[in-house]
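Asks: One letter stands for each residue in the lines below.
Protein chains: 2
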Amino acid sequence: MRIAVDAVGGDFYPQNPVEGALAAVKEREDLTVVLLGPEELVKPELEKHDYDTSRVLFQHAPDIIDMHDSPSKAVKTKQNSSIVVGLGMHKKGFVDGFISAGNTGALLAASTFVLGKLEGVSRPTIASVFPTAKGFRMLVDAGANLEVRPEFLYQFGVMGKIYAENILNVPNARVGLLNVGEEEEKGTDILKEAHQLLKSIPDFAGNVEGRDILPCNADVFVCDGLIGNITLKFGESIATSLQYMIGAAIKKNQLNDEQAKMVAGVIKQALSPFDYQLVGGVPFLGVNGVSLVGHGSSSALAIKNMIFAAMKCVEKDVNAQIVTALQ
Amino acid sequence: MRIAVDAVGGDFYPQNPVEGALAAVKEREDLTVVLLGPEELVKPELEKHDYDTSRVLFQHAPDIIDMHDSPSKAVKTKQNSSIVVGLGMHKKGFVDGFISAGNTGALLAASTFVLGKLEGVSRPTIASVFPTAKGFRMLVDAGANLEVRPEFLYQFGVMGKIYAENILNVPNARVGLLNVGEEEEKGTDILKEAHQLLKSIPDFAGNVEGRDILPCNADVFVCDGLIGNITLKFGESIATSLQYMIGAAIKKNQLNDEQAKMVAGVIKQALSPFDYQLVGGVPFLGVNGVSLVGHGSSSALAIKNMIFAAMKCVEKDVNAQIVTALQ
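If you read the sequences in order, they're chains X and F.
Counting in this note's numbering, the first sequence runs from 34 upward without gaps.
Counting in this note's numbering, the second sequence runs from 34 upward without gaps.
Among these hints, one or two may not hold up.
It does not matter which identical chain is used: a pair holds within one copy or between any two.
DMTMM-like cross-link-like pairs, simulated, lysine to aspartate or glutamate; straight-line CA separation at most 25 Å [as the list claims (entries may be wrong)]:
| no. | residue 1 | residue 2 |
| --- | --- | --- |
| 1 | Lys225 | Glu180 |
| 2 | Lys232 | Glu180 |
| 3 | Lys232 | Glu198 |
| 4 | Lys266 | Glu180 |
If you are wondering where the hints come from, they were derived from the structure by calculation, not from laboratory data.
This structure is a prediction, so every number in the text was calculated from the model and none was measured.
Go ahead and model the full structure; you've got the sequences and the hints to work with.
Replies: Next comes the structure, spelled out in structure tokens:
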């Protein structure tokens with residue numbers, strides 16, 4: 034299997050993408066990676082390592098789309114960027130999937146534009162992978178569609194369930210519609226209509242509330258991109274804020290070094306399910322291909338795990354399952 | 034000053050409302066409370082205590098609106114409930130404010146219907162008080178208005194700022210618009226228009242994101258009621274989920290009893306800013322009166338603090354400030 038890797042995406046390129054790709058190749062014998070980026074940046078990084086030249090390929094892509102570029106403009110004006118070239122290779126069938134830790138907006142726009150939509154899908158979605166007390170689950174949409182129609186929410190539920198079951202290994206994933214109350218007559222007209230459509234999905238958990246996310250009272254939380262984006266970023270901020278608050282409490286309680294170290298160890302372990310490196314990245318679902326995006330701060334480990342998630346999408350043919358489910 | 038207290042609101046009535054009201058009267062000599070509810074329920078609870086009959090009054094109100102009642106229906110059919118009678122007394126000027134730990138929807142409906150709206154206010158709002166790493170701040174709206182117009186969001190910002198400054202004692206409270214990105218062209222058309230209106234507020238912090246809430250990067254977070262309600266409930270679930278995760282980590286690390294106790298103590302202290310009892314309740318802002326609602330599980334301490342918050346609203350004349358600001 035071949036996966037294209039954006040070597041100039043994220044805050045720590047080219048080091049982390051290159052190291053992550055090489056680690057993935059070492060672990061999986063059936064994998065070939067194609068690293069994309071400006072030759073003068075990526076090649077010297079690659080040359081720092083020993084690697085199998087038959088399974089680590091390089092494709093020159095001189096343009097760089099950075100975090101501050103306007104998504105739609107960048108995709109049009111930077112046709113020779115790693116993102117546009119990499120997705121183009123995927124479209125032509127040279128690679129089976131594409132991953133990047135770069136500009137999410139540009140990646141979504143390019144993935145939709147270059148790969149096109151899957152049959153039956155109204156709007157591709159950023160299907161984020163969200164930490165709960167019981168492990169990672171789905172929060173869909175996480176910012177691709179700020180305004181939605183009921184059928185979009187229905188499709189988010191269908192796609193999120195397939196991803197949760199196949200890639201996150203959650204059997205019979207329960208789909209919940211984020212709302213202000215459990216009763217089915219709660220919420221806006223859009224939510225009420227979406228609720229009726231979602232009823233046809235197996236394992237539909239009905240309406241769920243904000244308090245149901247962390248205890249994992251559903252496995253796929255469906256919402257519009259405005260709610261999803263705010264919730265996702267709020268969730269990401271918990272670990273840091275908490276560490277700040279616990280640090281202050283340690284000081285106030287005047288713990289000695291040994292005690293403070295023990296408390297810090299317990300907290301670190303307790304918060305380990307929130308470690309985004311483990312899932313690596315989140316997929317754009319509904320596009321006609323396999324495209325994943327990672328956090329800007331992705332480590333080499335996160336990049337490696339994102340490559341593995343892309344491989345799993347190919348192996349399980351997630352897209353064929355989505356097309357069948359939406360028929 | 035006279036505050037009416039719903040003696041049959043919340044999960045622990047009449048005990049907690051009665052105890053909270055009596056504690057408040059003990060602490061504040063200028064306070065008289067009027068307890069409302071069915072005589073056969075409230076009087077026996079009152080008689081368990083020694084109290085000053087000239088400053089603790091009772092008003093019989095035989096109907097009870099419970100948590101499962103439909104708000105608009107209950108307000109119409111239960112005219113002799115503590116909620117409708119208490120707000121009616123407030124409307125007529127017999128008391129200066131009303132507090133309850135009862136059905137939020139019914140309280141909002143009754144407050145709006147009985148008290149009416151303040152001049153210049155389009156929609157009354159549930160202005161929730163939200164814990165951050167630096168103390169309690171405002172999240173407005175928390176569920177009263179699931180769909181909004183830009184001017185509603187502007188008014189939420191104005192009202193929230195006045196409450197934060199006067200009742201939460203946050204000087205020069207910064208108002209932020211919850212959005213998917215910081216740039217002012219981000220978000221839906223409604224958010225873009227609201228951003229332009231909010232610019233006229235002093236200390237406008239611009240757009241803020243989900244990750245800005247817990248670190249307290251603004252003091253008033255403005256959003257529609259759907260986002261606010263989901264965010265509020267998500268936030269409320271953090272402490273419990275975390276305790277669950279930390280409990281699991283303590284077991285896994287095989288701490289002895291003494292060590293476990295120390296860790297639990299630090300966590301408890303770290304999470305103490307999240308203790309809702311301290312703020313007692315949240316106000317309905319934009320109604321022509323002082324009306325606050327508390328958590329269903331409100332303790333006597335929470336009830337007492339809610340009474341004090343209502344008194345402060347009267348003393349600072351929050352409503353006059355709102356009318357002036359919106360002129």
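Asks: Hints first: check each against the structure and report whether it holds.
Replies: Hint by hint, here is what the structure shows:
In this assembly of identical chains, Lys225 and Glu180 lie within 25 Å of each other by CA distance both inside one copy and across copies; the values are 15 Å within and 14 Å between. With identical chains, the CA atoms of Lys232 and Glu180 are at most 25 Å apart both within one copy (21 Å) and between copies (24 Å). For the homomeric pair Lys232 and Glu198, the shortest alpha-carbon distance inside one copy (18 Å) is at most 25 Å, but the shortest distance between copies (46 Å) is not. When the C-alpha separation of Lys266 and Glu180 is checked against a cutoff of 25 Å, the pair qualifies both within a copy, at 18 Å, and between copies, at 22 Å.
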